[in-house]
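Novice: Sequence:
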Amino acid sequence: MATVLPQTAEMDALLQHQCTTISKELLHAPGPDFMDRCFVPSSRTPQVLRSLGQLYHHGRLAGTGYLSILPVDQGIEHTAGASFGPNPMYFDPENIIKLALEGGCNAVATTFGTFGTVARKYAHRIPFLVKINHNELLTYPNKYDQILFGSVEEAWNLGATAVGATIYFGSEESNRQIQEVSQAFERAHELGMATVLWCYTRNNAFKTADKDYHVSADLTGQANHLGVTIGADIIKQKLPENNGGFAALKFGKTHPGMYDKLASDNPIDLTRYQVANCYMGRIGLINSGGESKGATDRDEAVRTAVINKRAGGQGLISGRKAFQRPFAEGVDLLHAIQDVYLDSSITLA
Numbered sequence: 004m005a006t007v008l009p010q011t012a013e014m015d016a017l018l019q020h021q022c023t024t025i026s027k028e029l030l031h032a033p034g035p036d037f038m039d040r041c042f043v044p045s046s047r048t049p050q051v052l053r054s055l056g057q058l059y060h061h062g063r064l065a066g067t068g069y070l071s072i073l074p075v076d077q078g079i080e081h082t083a084g085a086s087f088g089p090n091p092m093y094f095d096p097e098n099i100i101k102l103a104l105e106g107g108c109n110a111v112a113t114t115f116g117t118f119g120t121v122a123r124k125y126a127h128r129i130p131f132l133v134k135i136n137h138n139e140l141l142t143y144p145n146k147y148d149q150i151l152f153g154s155v156e157e158a159w160n161l162g163a164t165a166v167g168a169t170i171y172f173g174s175e176e177s178n179r180q181i182q183e184v185s186q187a188f189e190r191a192h193e194l195g196m197a198t199v200l201w202c203y204t205r206n207n208a209f210k211t212a213d214k215d216y217h218v219s220a221d222l223t224g225q226a227n228h229l230g231v232t233i234g235a236d237i238i239k240q241k242l243p244e245n246n247g248g249f250a251a252l253k254f255g256k257t258h259p260g261m262y263d264k265l266a267s268d269n270p271i272d273l274t275r276y277q278v279a280n281c282y283m284g285r286i287g288l289i290n291s292g293g294e295s296k297g298a299t300d301r302d303e304a305v306r307t308a309v310i311n312k313r314a315g316g317q318g319l320i321s322g323r324k325a326f327q328r329p330f331a332e333g334v335d336l337l338h339a340i341q342d343v344y345l346d347s348s349i350t351l352a
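Numbering-wise (this note's numbering), the sequence shown opens with residue 4 and increments by one.
Careful: at least some of the hints might be erroneous.
Stated by the list, open to error - With a Cα cut of at most 27 Å, we get these calculated DSSO-like pairs of lysine-lysine: (1) 241 to 27; (2) 296 to 101; (3) 256 to 210; (4) 146 to 214; (5) 241 to 256; (6) 264 to 210; (7) 146 to 241; (8) 296 to 146; (9) 296 to 214; (10) 241 to 253; (11) 264 to 253; (12) 241 to 214; (13) 101 to 256.
The set of hints was computed from the structure by calculation and includes no laboratory data.
No experiment lies behind these values; they were computed from the predicted model shown.
Using the sequences and the accompanying hints, generate a full structural model.
Specialist: Right, dumping it as structure tokens:
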């Protein structure tokens, strides 16, 4: 099928781009047989494979090897008023689930509280991805630290197919977060659930006067590599916007090839470097849909999907662009994202 793409010079360039950095032949590309190729040979148990199968075989992208997930944890991360003020219907948790269902998503990712209010009604209708830790912003002055809001056992009792967590790599608290999430993911796998890791970088020093290296390909790529190392089944990462964070900030270990052979300034090549750090795609990379900016949201979401797909990624996890607008428009935006992955003419670069 064909999707409606923005008619811009940039979109034409993205669709025509040929990657000359990391060859597509080196990737474990998404596809209908992805689980058999990449998860079955691993140490994952039959129960975990069953849960992964539920994720990969639900919604409009079922059986394609791609994922479209609706995440709504911003009521904690950004305050409920700021998040749901644009569309107050989402103060009612049931409408979050309804949006994911109507939007054809593979899963819905949200909080213990949201799932706890509707679990018996919806656990059998769409895979639950319980976000087990959050950064709460009611403390004054604000601090940035992902803390556990519940247990893996509680997520399992809610009927969760998967658990998700965030690590702020580079932060003062990252060592504790790595240990907590590693243990939580181990327990989730013991209980047969899949695991999804939000691999965010956070350190005030990563942002300079002229550039924000929190979205640098080299820093986010290394965050991805740490994420797959601790056992995440799916990696969630922000789309890269620049490169050279290690060199500019003068820390870490680098090689010239990281910048002149393994990546270029093209967003597809930058994202492919992120995919490469996910064991060359053996662990799927889903990129963030980003904040809502209004009228341009649909085109921006489609652009991100095209970049992710052509780079070798496995999909998008898009929240604010979908739920901070009228319900029907949110459904349409989610479908537009999914149409990119259903469009066979949009191929690996």
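Novice: Hey, residue 296 versus residue 214, does the alpha-carbon distance stay inside 27 Å?
Specialist: holds, 20 Å
Novice: Please verify whether residue 264 and residue 253 have alpha carbons no more than 27 Å apart.
Specialist: At roughly 20 Å apart (the allowed maximum being 27 Å), residue 253 and residue 264 satisfy the hint.
Novice: Take a quick look at whether residue 256 and residue 210 sit within 27 Å of each other, Cα to Cα.
Specialist: Cα-Cα ~19 Å, so holds.
Novice: Are the Cα atoms of residue 241 and residue 27 separated by 27 Å or less?
Specialist: With a Cα-Cα distance of about 21 Å, the restraint between residue 241 and residue 27 holds, given a limit of 27 Å.
Novice: Is it true that the CA of residue 296 sits at most 27 Å from the CA of residue 146?
Specialist: Cα-Cα ~25 Å, so holds.
Novice: Going straight from one Cα to the other, do residue 146 and residue 214 come out at no more than 27 Å?
Specialist: holds, 22 Å
Novice: Between the alpha carbons of residue 241 and residue 253, is the straight-line distance 27 Å or under?
Specialist: OK: residue 241 and residue 253 at ~22 Å, within 27 Å.
Novice: Hinted pair, alpha-carbon criterion (27 Å max): residue 146, residue 241. Please report holds or violated.
Specialist: This hinted pair holds, its Cα atoms lying about 21 Å apart.
Novice: Quick one, are residue 101 and residue 256 close enough, alpha carbons at most 27 Å?
Specialist: violated, 46 Å
Novice: Does the alpha-carbon distance linking residue 241 and residue 214 stay inside the 27 Å limit?
Specialist: holds, 16 Å
Novice: When you check the alpha-carbon spacing of residue 264 and residue 210, does it fall within 27 Å?
Specialist: holds, 25 Å
Novice: Decide if the proposed pair is consistent with the structure: residue 241 and residue 256, CA atoms, cutoff 27 Å inclusive.
Specialist: The hint holds at about 22 Å.
Of the numbered hints stated above, the single one contradicted by the structure is hint 13.
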